[in-house]
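Peer 1: With the sequences and hints as input, model every part of the structure.
The listed protein sequences correspond, in order, to chains P and X. Going by the working numbering, the first sequence opens with residue 1, and the numbers climb by one from there. Going by the working numbering, the second sequence opens with residue 1, and the numbers climb by one from there.
Where hints are given, some of them may not hold.
Claimed, not checked - The following label-pair restraints were derived from C-beta to C-beta distances:
1. P:Ala295 to X:Glu157: 49 to 59 Å
2. P:Ser63 to X:Lys112: 34 to 44 Å
3. P:Val164 to X:Arg59: 36 to 46 Å
4. X:Lys82 to P:Trp345: 37 to 47 Å
5. X:Pro19 to P:Glu510: 46 to 56 Å
6. X:Ala58 to P:Trp299: 13 to 23 Å
Hints listed in this document are in silico derivations from the structure and should not be mistaken for laboratory results. All C-beta atoms, glycine included, are put in the ideal place defined by N, C-alpha and C.
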Amino acid sequence: MSETVQSLAKRFRTCTVTGIKIHRSAEQLIKVNAVVAIVCFLIGVLAAIGLLLTRWQAVHYLSVVMYYRFLTAHGLNMLIFFIIFFEMAVLYFAGPVMLGSRLPAPRAGWLAFILMVVGAIMTNVMVFTGQADVLFTSYPPLKAAHWYYLGIILFAVGALIVCVLFFLSLHVAKKEKTYEGSVPLVTFGGLTAAIIAVITLLHGAIIYIPTWLWSLDIMPMDPQLYRLIWWGLGHSSQQINVAAMVAVWYLLAGLTVGGVVLNEKMSRTAFVLYILFISMASAHHLLVDPGMGSAWKIWNTSYAMYLAVLASMIHGFTVPAGIELGQRLRGFTNGTFEWLRKAPWGDPGFSGLVLSVIIFGFMGGITGVTLGTEQINIMAHNTLRIPGHFHVTVVGGTALAFMAVTYYLIPLIFQKRVALWGLVKYQPYLFAAGISLMAMAMTFQGVFGVPRRHWDINAADSPFPVEFHPVVNLLQAIMAIAGILAAIAVLLYIISAVLSVFFGKPLTAEAINEKASGIPQGVLQLPNQSHNSSMVARLHKTGTPGTVVLVFIFLACFVVYYFVNWKLLTFLWKIG
Amino acid sequence: MSKEFHSALVSPTGVWWKPVHSQEKRWITISFIWCMVLFAMMPLWHFKGGQNPTGVRARVDPADFAERTERFNKEFQVGTEKGMPVVAPPPGADVYLLARMWSWSSVLKLKKDTEYMLHLSSADVNHGFSLFPINVNIQIVPGYDYGLKITPNEAGEFRIICNEFCGVGHHIMVGKVIVEE
Numbered sequence: 001m002s003e004t005v006q007s008l009a010k011r012f013r014t015c016t017v018t019g020i021k022i023h024r025s026a027e028q029l030i031k032v033n034a035v036v037a038i039v040c041f042l043i044g045v046l047a048a049i050g051l052l053l054t055r056w057q058a059v060h061y062l063s064v065v066m067y068y069r070f071l072t073a074h075g076l077n078m079l080i081f082f083i084i085f086f087e088m089a090v091l092y093f094a095g096p097v098m099l100g101s102r103l104p105a106p107r108a109g110w111l112a113f114i115l116m117v118v119g120a121i122m123t124n125v126m127v128f129t130g131q132a133d134v135l136f137t138s139y140p141p142l143k144a145a146h147w148y149y150l151g152i153i154l155f156a157v158g159a160l161i162v163c164v165l166f167f168l169s170l171h172v173a174k175k176e177k178t179y180e181g182s183v184p185l186v187t188f189g190g191l192t193a194a195i196i197a198v199i200t201l202l203h204g205a206i207i208y209i210p211t212w213l214w215s216l217d218i219m220p221m222d223p224q225l226y227r228l229i230w231w232g233l234g235h236s237s238q239q240i241n242v243a244a245m246v247a248v249w250y251l252l253a254g255l256t257v258g259g260v261v262l263n264e265k266m267s268r269t270a271f272v273l274y275i276l277f278i279s280m281a282s283a284h285h286l287l288v289d290p291g292m293g294s295a296w297k298i299w300n301t302s303y304a305m306y307l308a309v310l311a312s313m314i315h316g317f318t319v320p321a322g323i324e325l326g327q328r329l330r331g332f333t334n335g336t337f338e339w340l341r342k343a344p345w346g347d348p349g350f351s352g353l354v355l356s357v358i359i360f361g362f363m364g365g366i367t368g369v370t371l372g373t374e375q376i377n378i379m380a381h382n383t384l385r386i387p388g389h390f391h392v393t394v395v396g397g398t399a400l401a402f403m404a405v406t407y408y409l410i411p412l413i414f415q416k417r418v419a420l421w422g423l424v425k426y427q428p429y430l431f432a433a434g435i436s437l438m439a440m441a442m443t444f445q446g447v448f449g450v451p452r453r454h455w456d457i458n459a460a461d462s463p464f465p466v467e468f469h470p471v472v473n474l475l476q477a478i479m480a481i482a483g484i485l486a487a488i489a490v491l492l493y494i495i496s497a498v499l500s501v502f503f504g505k506p507l508t509a510e511a512i513n514e515k516a517s518g519i520p521q522g523v524l525q526l527p528n529q530s531h532n533s534s535m536v537a538r539l540h541k542t543g544t545p546g547t548v549v550l551v552f553i554f555l556a557c558f559v560v561y562y563f564v565n566w567k568l569l570t571f572l573w574k575i576g
Numbered sequence: 001m002s003k004e005f006h007s008a009l010v011s012p013t014g015v016w017w018k019p020v021h022s023q024e025k026r027w028i029t030i031s032f033i034w035c036m037v038l039f040a041m042m043p044l045w046h047f048k049g050g051q052n053p054t055g056v057r058a059r060v061d062p063a064d065f066a067e068r069t070e071r072f073n074k075e076f077q078v079g080t081e082k083g084m085p086v087v088a089p090p091p092g093a094d095v096y097l098l099a100r101m102w103s104w105s106s107v108l109k110l111k112k113d114t115e116y117m118l119h120l121s122s123a124d125v126n127h128g129f130s131l132f133p134i135n136v137n138i139q140i141v142p143g144y145d146y147g148l149k150i151t152p153n154e155a156g157e158f159r160i161i162c163n164e165f166c167g168v169g170h171h172i173m174v175g176k177v178i179v180e181e
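Peer 2: Shown next as structure tokens:
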């Protein structure tokens, strides 16, 4: 009997910082998924540098063939492989680790991991050997080698298995009573991401399996139907990112400053709104397509009357308000903004969190809703405004949040100190500045009509060369230089993560006592996660005045940007 | 807001379905109203606005569309430019523009403040119709005829840039539209 207990105990370790019991199998799977995610991130970012230096036409670095090849690789490795591998790590963390339970069927987790790695390698080999120059979207009748589609199918099957394991781990934790009450909000956010992932991956299966058969000449494929269902994968997968990112925001707020949950009902309802409505966003890509009518477009592009946007606006309030309350509970109660001024800005976990919220909300959210408006999309479809938008949602928002949480995963999961700490403190700032500036430069080029996914916008070899407004040249330079700054920040993150994980100093109790470098302040001293003092009652009266100011500034920006775009639309030719 | 506070890492116990603080209620109400404004704008523009992507849409055999385009070109051709037919359709005419790797079927000559029915389709893969510099962008999908009523509001020379990736020649796929007073 005692042997069984001992062998069971071996499978768990107790976290020295949080006191959570961590199942070693879950921990190992977090590690391998995170490491592969970072490898894909590296491929994606190296490709990005080539793309930037090509779109900056004064440099025009890559040849036409290599440009589209790198573009395909960049899209796949960033939007699918990097981000989904990382989300698998987030799911293993939000499920078994957060609930202190065991991971059921760890072997299935390894099988899923192998399937995903094999799929990712297969697809990448096809891309880099020039057998899949079809870009990330691979719209038929453009055709890639059939191995390309099969690779993505294997990857998706693996990811689907991980989602099932996550659901099972929730069930096991409930049955074995490893926690009391309801699952924490972070886990609930993870659950939201996992459910959306299942919806997304089913779309992926519905479209990639027939497309694979089509590539083998077994069945026909309708190009419009493909666009409809493919974007059920392509856009909805961005909604996995949104849900996972918001879960990470709540997690980081708690870890860094003891950020609290304003109201469980409100935050959880907002997550449910995501599940119900956010997968309708396939329509964002089909607003000027011939296959669908306006009623369909309006209903779907608005996620059923913008109820998923409402969800984001709720999180956009509760996340900063939770941070504000956490800070006020720590004693920063003076004025409207002392909580913000005296925040731990030197902690990349915290600065990354705040910058991610700001970039995603102010830039990504506002541009997204505006571009996704049926008529405004006429001015934006397939111009550089579109990548200008999603580089501030999925990159400035999600990827930045994931990088920020890595600075806590390294000590908490890998039990190592973060390498290059002195530099890494500035990493979120450098990245945020670079990516926002790059996205703005893209957006303005798009306003001048510059197309996305284009090797030579001046069309020098065509019968009718195009002459853009001279400011476009300047914007290209800004885009490239700012983008390369962001890429340097990513490389710094990758180098630091690799050094920490493989060569890092271990995180010991002494190191924490001595406040050694490379340990984020939330790990040095974990902020209180529960409060029940007289302070709580006082805060109940004052509320969160700082956040109220911030959200109304946000709303004002939103309204102005939205109606300026309607005004711009009136200058176009009449069309209908 | 409740009487106790906990972070998102803590499992809430007991009943957490509690009333929302007045501050948040106000924000949610305002957000909801804003969402309704966002939603109302799109149908409203169909009645009041001049730019809508509704059009007349139908499936079409690419070969049929190519034949219609050829007939249209022959009927209204007024010249050639760089080996391409220059076509001047009469006001209100059905205008056929076929996209194919990597060119447009004609140079169009239109009149200002005149309405035309512009039919777009593709002979091969997806293409994008991007009218430069005024930035009207329409997706072209093979097998589908997208007919849009257009009314040029200024004279001048315009470009049609293909803005959907269509293979290695994508960047040379530029056409031309001339609008006369």
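Peer 1: Now look at each hint and say whether the structure bears it out.
Peer 2: Tested hints:
1. P:Ala295 to X:Glu157: 49 to 59 Å: violated, 37 Å
2. P:Ser63 to X:Lys112: 34 to 44 Å: Check passed, 42 Å falls within 34 to 44 Å.
3. P:Val164 to X:Arg59: 36 to 46 Å: Holds, at about 39 Å.
4. X:Lys82 to P:Trp345: 37 to 47 Å: violated, 59 Å
5. X:Pro19 to P:Glu510: 46 to 56 Å: holds, 48 Å
6. X:Ala58 to P:Trp299: 13 to 23 Å: Given a distance of about 22 Å, which is inside 13 to 23 Å, the answer is holds.
Hint violations for this structure: numbers 1 and 4, all remaining hints satisfied.
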